[in-house]
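Asks: What follows is the residue order along each chain.
There are 2 protein chains.
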Amino acid sequence: MQQAFILSIGTELALGQTVDTNAAWLARELAAIGIRTTRHATLADELPLIVDVLKQTAAEHDLVLVTGGLGPTADDLTRTALAEAAGTDLVEDPDSLARIRAFFAERQREMPARNSVQALRPRTGRSLPNDCGTAPGVHVRIGGTPVYSLPGVPREMRAMFEAQVRPHLPVGRVIRSRILRSFGLGESDLGDRIRDLMQRGRNPEVGTTAAYALVGVRINATAETAPEADALLDRSEAEIRARLGDYVYGRDGETLPGAVLAMLATRGETLVTAESCTGGLVGEMLTDVPGSSRGYRGGVVTYANALKESLLDVPRDTLDTHGAVSEEVARAMADGARRILGGTWALATTGVAGPSGGTTDKPVGLVYIGLAGPDGTTVRRCLFGSDATRAAIRQRAALTALNLVRRRCLPSAED
Amino acid sequence: MQQAFILSIGTELALGQTVDTNAAWLARELAAIGIRTTRHATLADELPLIVDVLKQTAAEHDLVLVTGGLGPTADDLTRTALAEAAGTDLVEDPDSLARIRAFFAERQREMPARNSVQALRPRTGRSLPNDCGTAPGVHVRIGGTPVYSLPGVPREMRAMFEAQVRPHLPVGRVIRSRILRSFGLGESDLGDRIRDLMQRGRNPEVGTTAAYALVGVRINATAETAPEADALLDRSEAEIRARLGDYVYGRDGETLPGAVLAMLATRGETLVTAESCTGGLVGEMLTDVPGSSRGYRGGVVTYANALKESLLDVPRDTLDTHGAVSEEVARAMADGARRILGGTWALATTGVAGPSGGTTDKPVGLVYIGLAGPDGTTVRRCLFGSDATRAAIRQRAALTALNLVRRRCLPSAED
Chain A
0 MQQAFILSIG TELALGQTVD TNAAWLAREL AAIGIRTTRH ATLADELPLI VDVLKQTAAE
60 HDLVLVTGGL GPTADDLTRT ALAEAAGTDL VEDPDSLARI RAFFAERQRE MPARNSVQAL
120 RPRTGRSLPN DCGTAPGVHV RIGGTPVYSL PGVPREMRAM FEAQVRPHLP VGRVIRSRIL
180 RSFGLGESDL GDRIRDLMQR GRNPEVGTTA AYALVGVRIN ATAETAPEAD ALLDRSEAEI
240 RARLGDYVYG RDGETLPGAV LAMLATRGET LVTAESCTGG LVGEMLTDVP GSSRGYRGGV
300 VTYANALKES LLDVPRDTLD THGAVSEEVA RAMADGARRI LGGTWALATT GVAGPSGGTT
360 DKPVGLVYIG LAGPDGTTVR RCLFGSDATR AAIRQRAALT ALNLVRRRCL PSAED
Chain B
0 MQQAFILSIG TELALGQTVD TNAAWLAREL AAIGIRTTRH ATLADELPLI VDVLKQTAAE
60 HDLVLVTGGL GPTADDLTRT ALAEAAGTDL VEDPDSLARI RAFFAERQRE MPARNSVQAL
120 RPRTGRSLPN DCGTAPGVHV RIGGTPVYSL PGVPREMRAM FEAQVRPHLP VGRVIRSRIL
180 RSFGLGESDL GDRIRDLMQR GRNPEVGTTA AYALVGVRIN ATAETAPEAD ALLDRSEAEI
240 RARLGDYVYG RDGETLPGAV LAMLATRGET LVTAESCTGG LVGEMLTDVP GSSRGYRGGV
300 VTYANALKES LLDVPRDTLD THGAVSEEVA RAMADGARRI LGGTWALATT GVAGPSGGTT
360 DKPVGLVYIG LAGPDGTTVR RCLFGSDATR AAIRQRAALT ALNLVRRRCL PSAED
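Residue numbers (numbering that gives the first Met the number 0), protein chains in the order written: chain A, 0 to 414; chain B, 0 to 414.
It is worth saying that the hints were derived from the structure and are not from the lab.
Values in this document were obtained by computation on a predicted structure and should not be read as measured data.
Cβ coordinates follow ideal geometry from the N, Cα and C atoms, glycine included.
It is possible that part of the hints are untrue.
[What the hints assert, rightly or not] If you only want the chain A side, here are some residues facing chain B, beta carbon under 8 Å, derived:
| # | residue |
| --- | --- |
| 1 | T20 |
| 2 | P354 |
| 3 | C381 |
| 4 | L382 |
| 5 | G384 |
[Unchecked claim] Which bits of chain A does chain B cover? Going by a derived footprint, with three or more residues having C-beta under 8 Å, they are:
| # | region |
| --- | --- |
| 6 | 61 to 72 |
| 7 | 289 to 303 |
| 8 | 315 to 327 |
[Unchecked claim] Once the Cα atoms are required to be at most 20 Å apart in a straight line, the calculated EDC-like pairs of lysine to aspartate or glutamate come out as:
| # | chain 1 | residue 1 | chain 2 | residue 2 |
| --- | --- | --- | --- | --- |
| 9 | A | K54 | B | E59 |
| 10 | B | K361 | B | E327 |
| 11 | A | K54 | B | D51 |
| 12 | A | K361 | A | E327 |
| 13 | B | K54 | A | D319 |
| 14 | B | K54 | A | D51 |
| 15 | B | K361 | A | E105 |
Turn these sequences into a full structure, and let the hints steer you where they fit.
Replies: Now the structure itself:
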């Protein structure tokens, strides 16, 4: 099995001012194609140190991946270190320079002179084009070992690894992965339903990860060939779906808002929103999905009570009697949004996101979610925990709201 | 200055299944007492590898901190590796054994037999009691260099570092850090303005980090005492602010929406939003700030053109003649929002976030941002690059919109 070494470069990483997530991401991607990583290192921006580590690790491993240190400023030393470790000098790469100029031209800006250093590469290596930023990557051999150097910005690094590194790596035994996405069942309860499938040493390997009540079930299958691994994944996916039922809303890159929009598209229906405590987050999640305009018409963020009255026709009387955070106001907001904004469905949120503003009756974490539709209006009362952060309460509220629409649209809806 | 090395042990870390946050936390704690970390490493649970790295790094550094590999199972190899690297053998520590037994007794459980291995320590070292779990730490010298080994569970590791490691470390020169936050000037252009301050070897050390056009300028000052370091930071901050001017919106944990809200609060003014391509993101960023209801009244997300007409009074004629993505519609949205929603300021966004929907005239990445205020309405045309992702275009657009409000409210506004 091939052994890889991952090197993360940056004083901000060495001093702990930024937590490095690139090494873990790369190690997982390598594992997926059967390349094992037993070591990472993090180094400050110090040239002799970087050169030494590059030489030593290239001698001891089959592959070295480097992230960071490719920016245009004086503390970006990776290009120089790669050339030195490879025993060569730096030359300007004309294609890279043209691409960097084009990057700025497209934004109607002139390329700062400083950015031209990003077009340098070791004479014996080649540049790897960067489609998301100005820093090209570098491929070079050090003592015969292939070294790939990528920018430290995670989004750029990931795109470049996928497009320009992975296709050139030797594939060992195939590991294929799939993630089922669920919402509404806690990680422990979900784990109880698939306990036997999660035993260590099984193939496929099954594990869970959770964030804001979104629980992902990861399935890793190992086999000699990709079709064999995929067949294993298919069988596990069917078994897990049977156990989890409607809690599963999608797989891999699918998102809860994406699932809601797909469902609306199938039914030829539309959604509008009226947000108070989530402050635009439900709309933001929906419009993050390309093509969302087909199902999402828009909404209002009525943070001030005056706007709940003027934009949504919530009666002042209802606000005065029950308070803005109440079942009655959530209902009036949803009804008003459906009537005035005009959608098949209207979602409304009102609650106490904290950290202050909670009372005994209406604690931090209390959120009412209204959903108005062709068959009437329902309101759900949620308590997201007074110890949760403002961001967590808002995330949970927005996701719960979207999931209410999804479940109302399911053939077997009980909710 | 003392140089430390931080070693994180665990196959789950090396394979990337868990992101290590311990190394960054320890590096920050060490920096605060004047011990510099230029290297971390992450190693899989492989005995010869761990022993080699311990020996080599102990020879090259003044201090080695190790986390992980102290559990009771067969893949917990740190105790054995420490003894081997120190040239000694393992002995049972009676105090540790008694503490582990007591840990289980307190929870009314019997100590599993395998936990007794956690009471082992190198003969020449000593155990560090763990008040939060069963794994004692270990202190031992390898070739004269002090090595502290702590559990990998962050909560236990942090408590033990504070109680049992830090008090024994030599306090060297103090390093204090500060970050200035800027928006609107690219990383290269910003670097050009402070090039001389970023020269290597200067104290304070100055570097930059960038994400979505938010550029942070990090200042690390080293001195004998904290007040001296702070005085150095103050001087550098003043110098950098003089060079960057209004591009700086805050420091350390301050955010751009937070800066806008603070400015509005000082002026007793309010803001409303009318979002199309950002789909609620501006509102979401604002309401993410606790207490935002004082300055942010709310807004509308008018994704569908019909809602631009019905909620914002954008004339159908303007939409038909110029299209939804136009200077005229951005202006009408901002004017309508200010009039109908009622704020001192109204921000409007309309653009092509992609990935599809772009044309030659109106490419992906084209965004118009309108800002209506007491002194009239301005519209800015932005090109965020057709190769940027939908998420990146929306982020850039939302941040640029917020920054327009900030700059209009500045005493010296030119924008």
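Asks: Run every hint past the structure and note whether it holds.
Replies: Now for the hints, and whether the structure bears them out:
With its C-beta approaching chain B no nearer than about 5 Å, T20(A) sits inside the 8 Å limit, and its interface hint holds. Against a cut-off of 8 Å between C-beta atoms, the interface hint on P354(A) holds, since the closest Cβ of chain B lies about 6 Å away. Among the interface hints, the one on C381(A) is violated; its C-beta lies about 18 Å from the nearest C-beta in chain B, farther than the 8 Å criterion. Against a cut-off of 8 Å between C-beta atoms, the interface hint on L382(A) is violated, since the closest Cβ of chain B lies about 20 Å away.
The beta carbon of G384(A) is not positioned within 8 Å of any beta carbon in chain B (closest approach about 17 Å), and the interface hint is therefore violated. Three residues within the 8 Å Cβ limit are the bar, and the region 61 to 72 of chain A against chain B gives 3, so the coverage statement holds. For a cut-off of 8 Å, the count of residues in the region 289 to 303 of chain A with a CB near a CB of chain B stands at 13, and the three-residue condition holds. Against chain B, the region 315 to 327 of chain A contributes 0 residues with a C-beta closer than 8 Å to a partner C-beta. That does not satisfy the three-residue criterion, and the hint is violated.
Between K54(A) and E59(B) the alpha-carbon distance is near 17 Å, which keeps this suggested pair within the 20 Å criterion. This hinted pair checks out: K361(B) and E327(B) have alpha carbons roughly 14 Å apart, not beyond 20 Å. Restraint check: the Cα-Cα separation between K54(A) and D51(B) comes to about 17 Å, which is no more than 20 Å; the hinted pair holds. For the given pair, K361(A) sits about 14 Å from E327(A) by alpha-carbon distance, which is consistent with the 20 Å threshold.
Note on K54(B) and D319(A): the hinted pairing is violated, with a Cα-Cα distance of about 71 Å set against a maximum of 20 Å. This hinted pair checks out: K54(B) and D51(A) have alpha carbons roughly 17 Å apart, not beyond 20 Å. Proximity of K361(B) to E105(A) is assessed by CA-CA distance (about 13 Å); at most 20 Å being required, the pair is judged to hold.
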